[in-house]
Amino acid sequence: MIEGILVEGLIYGIMVLGVFITFRVLDFPDLTVDGSFPLGAVLMAVMLIRGFNPLVGFLAVFAAGFAAGTVTALIHNKLKVPNLLAGILTMTMLYSINIRILQNRANVPLIRTETVFTWITKLFGGTVFEGTALLILMIAVVLIIKVLLDLFFHTDVGLTLGALGCNEQMVITQGVNPEVLKIVGVGLSNALVAVSGGFAAQYLGFADVNMGIGIVVSGLASVMIGEFLFRSNRIALLTLRVLLGSILFKGIMYLGRYYGYYIKMTPNDLKLITGILIIISLIVSKNKKMLTLLKKKEAPEVLK
Amino acid sequence: MIKIHSLSKVFHEGTVNENKAINTINLSVKEGDFITIIGSNGAGKTTLFNLISGNIFPSTGRIEINGRDVTKDPEYRRAAYVGRIFQNPTMGTAETMTLEDNMTIAYYKGCKGLRKSLNNKLRDFFREKLSDLDMGLENRLKDNVGLFSGGQRQALTLLMMVLSKPDLILLDEHTAALDPGNARMILDLTLKYIKDYNLTTMMITHNMGHAIKYGNRLLMMDSGEIIYDIEGDTKKNITKEALINKFEVIRKKEFENDEVLLS
Ligand SMILES: Nc1ncnc2c1ncn2[C@@H]1O[C@H](COP(=O)(O)OP(=O)(O)OP(=O)(O)O)[C@@H](O)[C@H]1O
Ligand SMILES: [Mg+2]
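Protein chains in written order, with numbering that gives the first Met the number 0: chain A, 0 to 303; chain B, 0 to 262.
If you're looking for bench data, these hints aren't it; they were derived computationally from the structure.
Away from chain A, derived, C-beta distances all over 12 angstroms, residues of chain B:
no. : residue
1   : M0
2   : N22
3   : N25
4   : L26
5   : N40
6   : D68
7   : T199
With a straight-line Cα cutoff of 35 angstroms, these simulated DSBU-like cross-link-like pairs (lysine-lysine) come out:
no. : chain 1 : residue 1 : chain 2 : residue 2
8   : B       : K164      : B       : K191
9   : B       : K251      : B       : K29
10  : A       : K79       : B       : K19
11  : B       : K115      : A       : K288
12  : A       : K285      : B       : K141
13  : B       : K71       : A       : K79
14  : A       : K77       : B       : K164
15  : A       : K77       : B       : K71
Remember, it's a predicted structure, so these values are computed and weren't measured experimentally.
Glycine included, every Cβ here is placed at the ideal spot set by N, Cα and C.
Please build the complete structure, drawing on both the sequences and the hints.
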């Protein structure tokens, strides 16, 4: 059970990293995620069924996710549409595209198809439990993604991306085209989300065009839960916090699923719980902010 | 170096709110000029800067910088050679990022690559430049800029702008949001940079004394026009009273800016 929560938390953690990039780094609340997550899942499923190597599948999924994010950024940049609406537009269009990728089906099973998970289980050849094998694989994958992402945010373009969400005028003043940066940021975010979808499909053993409903909200909830853990301005710790948040979120959902029936909860109530989690997080962090503001007022000289 | 040809900007054209904020302005700025700009509220000073920096585009007219027509260039492209400081000290820096990250972004203008510029050598360079500010910022490279005071942030913005060696700097009441002590400090720092780096400068101020005392040329704006333009000895020898008088003679109305009279 713990292994399951960890594996799921890590798989979805890749998606939460994407949500973190748009919502927190770029300040670009991007709802494309609800479409790019199933995009990654269905594309991966179809490619695996066709016999492609999973690695090739992940490259394709990454590219497709990046393309989806690019569409959202372009709609926002060129048509001056608010970012929320741009994301909803892409997400809605993706729904049809995802069904097309599945050749007019809403879902496809992945039983008896080679996946990264069957591969890793075989690799360990029964020396460890299957769950442990999956966990080792996901820890390795997520660690690599996290480290690459940390490195990226230390490059010049990564730093500028960080500044964009905080002060767009400053980025312009430094001679950088914010439209290009938004494509990079939203693209990268959705590429990660799609990769996460690709893993989810292999883990769950199926891909479904509806598996993205509410994903962005669960991603945001994970980000917010992580934010309660500790404060930092260092990107390596921020991405770590995101992953821990994702695992915690999965843990809470697990509790809801398995012990919720004592209070007459069903799995269908989980989205409601997710939303309430976000609202509680908002209330708590709002009160926290008020507290720090009050403290600042008391000691303004210290800050000078 | 900068040539502005019959530049106009009309806001909300063709509506009841139509507002001619800039009205056929012609202006030529020479290299090394330090121009001060005064004018009542709503005269169009900020709008003129917005047009020069590319933040907004003119309704008619042309802007040339270093012989190149930049009228249609977007703001980020012009930013490579036009530096700008706003009244609000938070506008020039990213407060959720560290001092060293901010300075790295400002270290070179334009497109950023996938390389990592920030290293210990660059940190030493930043420390050296920051110690010139005399604010102890050289020991706070890893602090978030949001922790700094308004004066410190404006000084940092100035430094970051100077590092990129702009051809022209636009200062829009850049000391107005600071307390008198910090305002003095930022003004002195500005004057020092202008002198040390021989920066071509346009400075909007509501302080008529400063407008007369600093720079080699003075522009007075009203209703989107440059109504008075003096330089050299004429400028050096003019008094506040004479300027106000001039305004009233030219515009046949009273100079209504209290701030100017008080300063
Ligand atoms: N983006 C805008 N949209 C519509 N009208 C604008 C815009 N920017 C400026 N204006 C109008 O243009 C006129 C000139 O404004 P501007 O900000 O240039 O004045 P200013 O000389 O900088 O005044 P102040 O001394 O108060 O800063 C004003 O009437 C203002 O309302
Ligand atoms: Mg103004």
